[in-house]
Amino acid sequence: MNNELIPMQPTYYEEVQRKGYSRRDFVKFVSLMTAFIGLEQSAIGQVTKALETKPRMPVIWLHFQECTCCSESFIRSSHPIVADILLDKISLDYSETLMAASGTQAEAALKNTMTKYKGQYILCIEGSVPVGADGVYCMIGGKTSLQILNEVSEGAAAIIAWGSCASNGCVQSAKPNPTGATPIHKLITNKPIIKVPGCPPIGEVMAGVIVHYLTFGKIPELDRIGRPKAFYNKRVHDTCYRRPFYDAGLFVESFDDENAKKGYCLYKMGCKGPTTYNACGVTKWNGGTSFPIQAGHPCIGCSEENYWDNGRLYDRGSSFAGFGIEADADKLGEVALGVTVAAVAVHAVATNFGKSKTIHEHQVEGNESEHELES
Amino acid sequence: MANKYLHIPRLRRVYVWEMPVRFYHWLNALVIVVLIITGFYISNPLGLLSHFDASHQYTMGWFRFLHFIAAYLFFFNFIFRLYWGFVGNKFANWKQFIPTSGRFFREMWTVFKIDILMLKKNGKEQDHLSIGHNAMAGFIYFLTFIAFLVQCLTGFGLYAGMSSWWLPKLFAWVPAILGGDILTRQIHHWSMWFFILFAVIHVYLVFYHDYVEGRGEMSSMGGGFKFIEEEMFEKNAHQTPNPEKTAK
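Those protein sequence lines, which keep their order, are chains Z and P. First residue of the first sequence: 66, per our numbering; consecutive thereafter. First residue of the second sequence: 1137, per our numbering; consecutive thereafter.
What the hints contain is simulated information worked out from the structure, not anything from laboratory work. One thing to keep in mind: the hints can contain errors.
Said to hold, decoys possible - What follows is a list of derived Cβ distance ranges for each label pair:
#1 Z:326 x P:1283: 40 to 46 Å
#2 Z:418 x P:1248: 16 to 22 Å
#3 Z:426 x P:1302: 56 to 62 Å
#4 Z:306 x P:1302: 27 to 33 Å
#5 Z:328 x P:1298: 20 to 26 Å
#6 Z:215 x P:1238: 49 to 55 Å
#7 Z:397 x P:1223: 24 to 30 Å
#8 P:1336 x Z:418: 17 to 23 Å
Idealized CB from N, CA, C, for every residue including glycine.
Please work from the sequences and hints to get the whole structure.
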């Protein structure tokens, strides 16, 4: 990001002061963010300096097929400065949900930001893009989502795909996907895309991604799927406080049993923690208050691609289309095993008829040799 | 004396399964059994009610540990067998498994007619063709190798995330391509059933061949020898899909 080109904008620190926060609040916020994005303590100074000196970053926040839970999660980040500065003062030049302007004014604001900060603004996208039926399922200001996406992404420095919708399609792309809901990375290939999956993603994670970009002027280190490693490199299972119960083999068998009261592992209740990469176990939710497993509910794997279609929410197996709702791999396997054993049994019986002559000959030979030994 | 038993064929002792092949076979059998048992436990652990605290037991931990140990043995054993497919004897050669000629498919069809349909030829029960694997068996083993590969890829793919060693980390791309651990885990679980079904049929067919042919099929994986009728040996030595010979 080339900040010199951006016309005079107040820095984040100036905005913080204007909002009435003390220096102490600001440093606390910086420390928190530095920890969240997985930097060393020594980086606190770096982050502070960035927020003190860098002008606020223009952001366009587009909403397509979504439920706004990402925005909701974001503005409820634990530290008030997250909402106040990163969202409020981040220079949200355009966000359907939060901007004051509407109609023509809003469109003008969008256009203005796109031309004024061409090549510099961050494009945040919440929601998937419907491509079915020429995109009529989601239109804003007379344009389809795809048209808007293509226009706005053209001048973006980077794209942040908020939530599972933008990252992997989420619920609306579940089979049979009537609207042709498509995640951003399948539509835009010429821009760096940061996927921040989750339904919604954790507010602090969202803030952390933005702060990282602000501080270093480049996207954070991503994993193979395009998610920031700082938040998505560990399974929920590997950071879960109930993990010792899993290792010990102590499991909740039903939601109201004694084991549930004792807080045993929810693995057998269909917990997707072992197959889900997210920071829930570490960062937790609502300012570190809790997360689903802590509340006694198994993880449903909301930040994983296709979690909606890959099996049931309360079962770790997966049903098979055409074999009934209850037919999982093991049921099918048992049936296949039964069929195999039956086939083998039939074959064994058939052998004694079909090969009777050969078997008989061998027996005669064997018997003759045996008698020869006796005589 | 000797004339009296002329109708009883003389048998030739053939060294079919070399020591490394037998070692591979039994180690493979052992680790697959361990992998299936521990795998079932890991996927759906028993309802174990214990009055001990979690700190006093490590049940799932041990099952997983066994599963991973067995998985490593399985993997290296598999790699070794692939290597032996190039340096072992002709019965262990890779060409026994991968169809490279029309001959292979024709023999598969013949085996199907003899062993499955039990068709007679000129009113006579047909003799068996092969000394090592028959073409059908070879091809099924080829499929098992594919299944081995699937299990290694998905298994180490799932394991990569929690390993600090470079070897499992080499497989980290697998869940990324499949779209996450959920599906990877499910493929790993589904594929296991192939091994169970294979084992049933495999063990049955060993009994079957031993029973019908009387050539020491079952003991061959112990001592390595099969006993082939002299007449058949002469006639069929060249019929075994032998890469070196059929090439000429």
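Results for each hint:
Between residue 326 (chain Z) and residue 1283 (chain P) the CB atoms are about 43 Å apart, so this pair conforms to the stated range of 40 to 46 Å. With their beta carbons about 18 Å apart, residue 418 (chain Z) and residue 1248 (chain P) fall inside the hinted range of 16 to 22 Å. Here the CB-CB span from residue 426 (chain Z) to residue 1302 (chain P) is close to 59 Å, well matched to the stated 56 to 62 Å. In this structure the hint that residue 306 (chain Z) and residue 1302 (chain P) lie 27 to 33 Å apart at CB holds, the actual value being about 30 Å.
Between residue 328 (chain Z) and residue 1298 (chain P) the C-beta distance comes to about 23 Å, which sits within the given range of 20 to 26 Å. Against the hinted window of 49 to 55 Å, the Cβ-Cβ separation of residue 215 (chain Z) and residue 1238 (chain P) comes to about 53 Å, which satisfies the hint. Look at residue 397 (chain Z) against residue 1223 (chain P): about 40 Å separates their beta carbons, and that is not inside 24 to 30 Å. Between residue 1336 (chain P) and residue 418 (chain Z), the C-beta spacing of about 22 Å keeps the proposed range 17 to 23 Å intact.
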